[in-house]
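Enquirer: As a plain string of letters, each chain reads:
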Amino acid sequence: MSIILEPRRTELAPAVTPDAARRAECGPDDASPAVASGLPALRIDHVTKTFVVGRHKRPVVAVDDVTLRVERGGILGILGANGGGKSTLIRLISTLLTLDAGRIEIFGLDVERDEMAVKRLINRVSADAAFFKKLSPAENLVYAARLYGIAPSVARGEAVRILARLGIAETRLDRPLEQMSRGMQQKVAIARALLTSPTLLLLDEPTTGLDPRSKLDVQTFIEELRSTHDATIVLTTHDMDEADRLCDHLAILDRGRVVAEGTPAELKARVANELGMPPTLQSVFMTFTGRSLDDDVEEAEPDDD
Amino acid sequence: MSAMGRELKASYAFVERNFNLTKRYWGWEAAFLVYALAGALSITLIGKEQGDPRLILSLMIGAIFWNYLSVVFSFIAETIAWERWEGTLEYTMMAPVRRTSQLLGSTLYAILYGLVSTAVILAVLVAFFGLDLSHADFLTAAVFMAVGSLSFVGIGMMAAVLPLLYVERGAQMTFVLQSLLLLVSGVYYSVEILPDWMQVLARFSPATYILDGVRRGLIDGTPVTSLVGDIWPLLVMAVVFIPLGVRVFGLAERYAKRTGKLKRVG
Ligand SMILES: Nc1ncnc2c1ncn2[C@@H]1O[C@H](COP(=O)(O)OP(=O)(O)OP(=O)(O)O)[C@@H](O)[C@H]1O
Ligand SMILES: [Mg+2]
Chain A
1 MSIILEPRRT ELAPAVTPDA ARRAECGPDD ASPAVASGLP ALRIDHVTKT
51 FVVGRHKRPV VAVDDVTLRV ERGGILGILG ANGGGKSTLI RLISTLLTLD
101 AGRIEIFGLD VERDEMAVKR LINRVSADAA FFKKLSPAEN LVYAARLYGI
151 APSVARGEAV RILARLGIAE TRLDRPLEQM SRGMQQKVAI ARALLTSPTL
201 LLLDEPTTGL DPRSKLDVQT FIEELRSTHD ATIVLTTHDM DEADRLCDHL
251 AILDRGRVVA EGTPAELKAR VANELGMPPT LQSVFMTFTG RSLDDDVEEA
301 EPDDD
Chain B
1001 MSAMGRELKA SYAFVERNFN LTKRYWGWEA AFLVYALAGA LSITLIGKEQ
1051 GDPRLILSLM IGAIFWNYLS VVFSFIAETI AWERWEGTLE YTMMAPVRRT
1101 SQLLGSTLYA ILYGLVSTAV ILAVLVAFFG LDLSHADFLT AAVFMAVGSL
1151 SFVGIGMMAA VLPLLYVERG AQMTFVLQSL LLLVSGVYYS VEILPDWMQV
1201 LARFSPATYI LDGVRRGLID GTPVTSLVGD IWPLLVMAVV FIPLGVRVFG
1251 LAERYAKRTG KLKRVG
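So the protein sequences, as listed, match chains A and B.
Position one of the first sequence corresponds to residue 1 (the numbering used here), numbered consecutively onward.
Position one of the second sequence corresponds to residue 1001 (the numbering used here), numbered consecutively onward.
Don't take every hint at face value.
[Claimed, not checked] Each computed DSS-like pair below joins lysine-lysine, with the alpha-carbon atoms no more than 25 Å apart:
| no. | chain 1 | residue 1 | chain 2 | residue 2 |
| --- | --- | --- | --- | --- |
| 1 | A | Lys133 | B | Lys1023 |
| 2 | A | Lys133 | A | Lys215 |
| 3 | A | Lys134 | B | Lys1023 |
| 4 | B | Lys1009 | B | Lys1023 |
| 5 | A | Lys57 | B | Lys1257 |
| 6 | B | Lys1009 | A | Lys133 |
| 7 | B | Lys1048 | A | Lys134 |
[What the hints assert, rightly or not] Not the full set, but computed from the structure, chain A residues with beta-carbon under 7 Å of chain B:
| no. | residue |
| --- | --- |
| 8 | Leu96 |
| 9 | Leu97 |
| 10 | Lys134 |
| 11 | Arg245 |
[Stated by the list, open to error] Computed, partial: chain A to chain B, Cβ under 7 Å:
| no. | residue |
| --- | --- |
| 12 | Ser94 |
| 13 | Thr95 |
| 14 | Phe132 |
| 15 | Glu139 |
| 16 | Arg146 |
| 17 | Leu147 |
| 18 | Gly149 |
Simulated from the structure, these hints should not be mistaken for lab results.
Beta carbons: idealized from backbone N, C-alpha and C, even for Gly.
Okay, chain B solo, but in the shape it has when bound:
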């Protein structure tokens, strides 16, 4: 078996494991879906109250795609936190698997999971508000989601490091990061209303470009070919953030092994 094949199989181990966990915690997953749905609905209802169809769509897209991004992000960020909680972290870390394969597997599953939950919420909301998406360019939305997920993966890897460094509260700290991204990325409002210094930060958040692209695709039906200017920052971020994420993770692992932070008990 080639080294590459072996690593891919190892990656699959993480996909399968996470799938099994989702199955076993299905009640939880259902509850979480209800939570996400209720959140998206209540935000979108603000648009309804204003009687502005464009605002409805814009808020809906904000709510749904923010949900997608936070699912992907937190899944990756929680891979470590979860294993520490179960106590399996040491066993996973001592297995002959490259960290990239591990992160690749977790990431792949996170994206699959995020897509499924997003599709459900999108379908429910479209039905609830009787929205007309016949002008929408779904290809544009899909391309932005796909490319954008990649840069989020890199950030997720860096966030995954927090539970390695801070044994007790590391997982909660990933929420802080998440809420800051929410603040600056124009999820529910346009970034132009932010103070200048926040607009500078917005430019470094992949979510800014993803939401902008998805909105233009779904609301205005803009073809992806005329949005290249929004795609390339995402590509650059993916190319920078993923290797950076792997590198940061490696450094954190080394730090954890030096200071004895991998263990839970015994």
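So that you can see chain A by itself, here it is in the shape it has in the complex:
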């Protein structure tokens, strides 16, 4: 996977991920018929999104001239402070927001022009597990699956398999979802997204609010997904260990702009070499988001999270 931040003339040295290497060994990429081979899974090209908020119509530039590229099978991590623009970027990719400028392509399909086709390829998990809370997980999942043209019996089978993998027994599938804890609901949300076998999976803080074991379960599952399902993943997280473990590339968003990018190792080396800081993603985050905790409090945007 390679991420190109400044427009480069040529793609000189794309980072070789284990996945890319594996595919190179296997010869030409045997793409599934749904998506064309050779195209990047995700191409974000000079994308900007501004919101106009409040009584004074103050514009907020949530995403500011972002250019990123994710090759098929890669996991891109997006890090950044609260209000940095991560969720907005995910929503722009998910067709939930229109772009002010720039373009986004998923396997060569334009999110605005080819909206329906793009929708079939993607799914998203966000930090809040949004469901019809009175309905059971099974009912919620069957509803979601039907929207993607998946038969209820197939959906149920898949859901049982995925949820078992995440530590939720089949017997819980038919009781109202409101009786589940937040973490359990989050796992059902993950199942909902995976049910549709998305080629591009957008995970917006998928492990926020999970206990340490559940977090590990989900992380292991994401790793498996990548290796067994040929899925490309965009992940936002506030958990630096998680980013380190899962992502083969990171982009750091600060006030809507990409302020740094590279493999976790590259970024850690950079802060260590240039600034003499400990080689951790923690230092990377602190360096590039440029604000101490105090600044954050002072400048705190009215965030509705």
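Chain B with the ligands: place on chain A using the hints.
Expert: Just chain B with the ligands now, kept in the frame of chain A:
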């Protein structure tokens, strides 16, 4: 699977989901039925007090069919409000389903639900007042209900847009629309008693024609064939309002995606 088949199946997803929700909120639904019944009864009792059998029937029909229309209308109008409240709106909106299929599914369920609740209330009221409906032409009533529902569907779609545009109070604003329709459509009185300018508005409300048609069918036993003059405005309204509703909804969706109004949290 053909594209059409796929969309129909997607529509069914909304019917099934709403049915499941009704099942889970059955206590609520029962309470709502009691509310509707009590409302219809108390209005019809005004006719009883006047000792006028024709007024009893006329008020009963007004109360029952207004209930039907408001159920259909609010169900459609609330599809968005409800999903926003649950937070599922973004997930539904990012699914590969055409908006027409979504609205079709919600509408179908609303009509089914409205028919069932209307049948219950009608049965209770007929029994309560010992009404004689042997002269009634039920076919006339059914045709007016069916055709009239279609135009209400279009208006419902336009009302559904309000919660998309006004995050907090959009759902309440649909009530305003509903009460204005109630005012001008001659639900409990004849439109002739309205001031002229309101009578002009009455002509643009499908409810005016539906209630008139249903009353003539159930009270006078008029066959539908002699009421064609009341049917065609309804057909025209259906043909105009439904595509207009879909179009308005599409524009509102685009506006919501531009201004970031689909999201609830996160
Ligand atoms: N729908 C919206 N309407 C108005 N402003 C918005 C909307 N969504 C996001 N914003 C603004 O855009 C900016 C970026 O928000 P975003 O939710 O993308 O941040 P984030 O990086 O996901 O933050 P967090 O870590 O808290 O989840 C913030 O200033 C936010 O207030
Ligand atoms: Mg966020």
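Enquirer: Now tell me, hint by hint, if it's right for this structure.
Expert: Hints versus structure:
{"no.": "1", "hint": "A:Lys133 to B:Lys1023", "result": "13 Å, holds"}
{"no.": "2", "hint": "A:Lys133 to A:Lys215", "result": "23 Å, holds"}
{"no.": "3", "hint": "A:Lys134 to B:Lys1023", "result": "10 Å, holds"}
{"no.": "4", "hint": "B:Lys1009 to B:Lys1023", "result": "21 Å, holds"}
{"no.": "5", "hint": "A:Lys57 to B:Lys1257", "result": "17 Å, holds"}
{"no.": "6", "hint": "B:Lys1009 to A:Lys133", "result": "23 Å, holds"}
{"no.": "7", "hint": "B:Lys1048 to A:Lys134", "result": "42 Å, violated"}
{"no.": "8", "hint": "Leu96", "result": "5 Å, holds"}
{"no.": "9", "hint": "Leu97", "result": "5 Å, holds"}
{"no.": "10", "hint": "Lys134", "result": "4 Å, holds"}
{"no.": "11", "hint": "Arg245", "result": "23 Å, violated"}
{"no.": "12", "hint": "Ser94", "result": "5 Å, holds"}
{"no.": "13", "hint": "Thr95", "result": "6 Å, holds"}
{"no.": "14", "hint": "Phe132", "result": "5 Å, holds"}
{"no.": "15", "hint": "Glu139", "result": "5 Å, holds"}
{"no.": "16", "hint": "Arg146", "result": "3 Å, holds"}
{"no.": "17", "hint": "Leu147", "result": "4 Å, holds"}
{"no.": "18", "hint": "Gly149", "result": "5 Å, holds"}
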